[in-house]
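K.L.:
Here the structure of chain A is known, so what remains is to put chain B in place on it, guided by the hints.
Quick mapping for you: the protein sequence lines, in order, are chains A and B. Quick note, the first sequence lines up with residues 733 to 1099 if you use the numbering used here. Quick note, the second sequence lines up with residues 733 to 1099 if you use the numbering used here.
Among these hints, one or two may not hold up.
Copies of one chain are not kept apart here, so a pair can be met inside one copy or by any two copies together.
[As the list claims (entries may be wrong)] Only pairs whose alpha carbons sit at most 16 Å apart, straight line, appear in this in silico EDC-like list of lysine to aspartate or glutamate: (1) Lys1079 x Glu1020; (2) Lys1062 x Asp761; (3) Lys1053 x Glu1020; (4) Lys1051 x Glu916; (5) Lys1062 x Glu744; (6) Lys1053 x Glu916; (7) Lys1051 x Glu913; (8) Lys1062 x Asp929; (9) Lys948 x Glu904; (10) Lys868 x Asp929; (11) Lys885 x Glu1037; (12) Lys1062 x Glu890.
Honestly, the hints are just simulated from the structure, not real lab data.
2 protein chains.
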Amino acid sequence: MLILEAKRLGFEVAVLDPAKDCPCHSIADIHIVKGFKDESGFSELAKVSQVITYEFEHISAELLSMLEDKGHKIFPSVASLRTIQDKLWQKTALLGKNIAVPNFLAVENAKDIENYFNKKGTPLFLKSRRGGYDGKGNFFIKSASDIALGYEKLNGNENELMIEDAVNYEREVSVIATRAENGECEVYPIADNIHKDSILDTTFIPANISKSTEKKVMEIAKSVLECFNGVGTFCVELFIEKGTKRVLVNEVAPRVHNTGHYTIEACRTNQFENHIRAITGLGLGSAEMVVGASIMKNVIGGKGENGKAVFEGIEDAYKIKNVNAHIYGKTEVKEGRKMGHFTITAKTLSECVKILDKINIKAVKAK
Amino acid sequence: MLILEAKRLGFEVAVLDPAKDCPCHSIADIHIVKGFKDESGFSELAKVSQVITYEFEHISAELLSMLEDKGHKIFPSVASLRTIQDKLWQKTALLGKNIAVPNFLAVENAKDIENYFNKKGTPLFLKSRRGGYDGKGNFFIKSASDIALGYEKLNGNENELMIEDAVNYEREVSVIATRAENGECEVYPIADNIHKDSILDTTFIPANISKSTEKKVMEIAKSVLECFNGVGTFCVELFIEKGTKRVLVNEVAPRVHNTGHYTIEACRTNQFENHIRAITGLGLGSAEMVVGASIMKNVIGGKGENGKAVFEGIEDAYKIKNVNAHIYGKTEVKEGRKMGHFTITAKTLSECVKILDKINIKAVKAK
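So here's chain A without its partners, still in its complex pose:
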């Protein structure tokens, strides 16, 4: 989706991806088929690029840093990336700027977890500081007996871990924001997110929150991007705490984000175009919503669906107006793999929900 927008803007695009038939293969001008830890691939990419960006955060900061040291432009910067990659540093940086986050603590050994749990007595998340996504690398601790198991599961003797209070939240929201090098910042409308098995399932926009919470969340998003000196599109995921309505930052991603896919159809400038504009030094487009409401739903490989991918229900979905489907061109479906998404737009969210009820797109393995 980044490449599609870059092409519209007139840029040529080179990509590094180890998979020969990856979705971007056919739309990039140059495809360097090398691994994400292969120094020579990074060097080749830098040689043909005027600016480098990435679309997932678990990329080698060491190799990127090598390029940055040689004078290559990388956005978001390696400094932003390094801080965000380590969830402990990320939360520490946010706290340093007085941005509210759930209580957290670095963990040296299982004893640290026990002490914290005994003192607080409330559910916790044990988290790998690096490399987690879609719930992977997190372990939920609701009783003292979970501690040893979690420590073992996340391989605490080898991996750096942290603990965090499990927030009793009313809803999970996220904000996409794009920031330019000169500090200009465009904040997108807030999305209300439903996760299933820790994977994003559906996003509703506008979020069902009060005007004052909305204002607070958008201000926090801006502060977060400033905190990391972010250049490009970022996503800030937040909890609205039950009862207190406190807004706590759950996680920051230094990249375009699944919860911002709705911006393609719903906003004046989508998150992908604005990312390209930010990293190439062009002014940002308006993040304003042009439709009344929108729902984005992921098409995810279901239980036991592993094999050559086939889609079901797409033709029926296209019979309904106000639906735009996006199929990523991944040849293999896997359980839990994001294979595509669709976006509904309409005047009101209740109209969108009515349309959503009629759609059932599935990615399954070919028979």
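P.N.:
Okay, now just chain B, sitting in the frame of chain A:
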């Protein structure tokens, strides 16, 4: 732009284009580098394609017909294309369905023109029946002395010609419409067009016409697509006659059209996505406008600008919100060549016009 939408929808795309570095080269899965009159290129394309379409109408109906005869799917059909390619047949077909067009007549020799002109005494257009675009192939006859010159210029001894009354129009409008095989039809909002030197310069949406004219124009658009049994996105250009407000069809294009580029930012489903959906048998998306108003302006190579292309004014344009630029990736600029376009969207047309006044994007030759 068609390929970008096809990719989003999950399709693989093969293109036939004689230019190695054509804009679609890097985004198509397969690029067959052969001429538009090369039978082997057409056959190769058909071999790897489930459905074939075209984005300009001056394509060989003979070669396409050969493929259609072999059972390959082509949309719009060769029958639609053949009738539209010949302006005399096109107008005749429209008239046969009681769709109003300017008065016209087939021309066998210069004498026919003289007779018609003497009888009517009003300005005429002498037109090549085939192959014209952007005003090329048209000759304006305002006095009897222009007749011999026009006949010579358009090479009347070799080319088939026709004459048509020059309509004294209040405005030139166009409508994009997409029709599916089952007859389902989506009609886009009407665009008000300004041409310079017979090349489209700017499009304003909504068109400044009365509700009743709007209704009439949209009904005509639907009838035109039915008349040609059109499958895919078409453009119908019309004149609103001064005084009488009569609506006359000027020209039909069996393809996505420059006056529909605004639909990318302004409509729920753009003309390109709907074209792909129509030719692949998927249901059509809504053509409804999601913004209040829009202006599309072409970036055209200026006088004497021939050479390696460079753009000026883009960075300034990006500083203004509500502007989305599209750069086509053509390496060479030529006088009169369309190099890109930009779209402005806002709540009202007067807001759009204010923004337009601030933008000056140029495609010039590199110094």
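K.L.:
Does each hint hold? Answer for all of them.
P.N.:
Results of checking the hints against the structure:
Proximity of Lys1079 and Glu1020 under a CA criterion of 16 Å is satisfied in both settings, with 15 Å inside one chain copy and 12 Å between copies. Proximity of Lys1062 and Asp761 under a CA criterion of 16 Å is satisfied inter-copy only: 14 Å between copies versus 19 Å inside one chain copy. Taking the closest pair of Cα atoms, Lys1053 and Glu1020 come within 16 Å of each other only across two copies (10 Å); inside a single copy the shortest separation is 23 Å, beyond that limit. For the homomeric pair Lys1051 and Glu916, the shortest alpha-carbon distance between copies (10 Å) is at most 16 Å, but the shortest distance inside one copy (41 Å) is not.
In this assembly of identical chains, the alpha carbons of Lys1062 and Glu744 lie at most 16 Å apart only when taken from different copies (12 Å versus 22 Å within one copy). Only between protomers do Lys1053 and Glu916 lie at most 16 Å apart by alpha-carbon distance; the minimum there is 12 Å, versus 36 Å within a single protomer. Within a single copy, Lys1051 and Glu913 get their C-alpha atoms only as close as 43 Å, which misses the 16 Å cut-off; across copies the closest is 13 Å, which meets it. Within a single copy, Lys1062 and Asp929 get their C-alpha atoms no closer than 22 Å, and across copies no closer than 47 Å, so neither meets the 16 Å cut-off.
In this assembly of identical chains, the alpha carbons of Lys948 and Glu904 lie at most 16 Å apart only when taken from the same copy (14 Å versus 49 Å across copies). Proximity of Lys868 to Asp929 under the C-alpha cut-off of 16 Å is restricted to the intra-copy arrangement: shortest distance 10 Å within a copy versus 61 Å between copies. When the C-alpha separation of Lys885 and Glu1037 is checked against a cutoff of 16 Å, the pair qualifies neither within a copy, at 25 Å, nor between copies, at 66 Å. Taking the closest pair of Cα atoms, Lys1062 and Glu890 never come within 16 Å of each other, the shortest separation being 33 Å inside a single copy and 53 Å across copies.
In this structure, the earlier hints numbered 8, 11 and 12 are contradicted, and the remaining ones agree with it.
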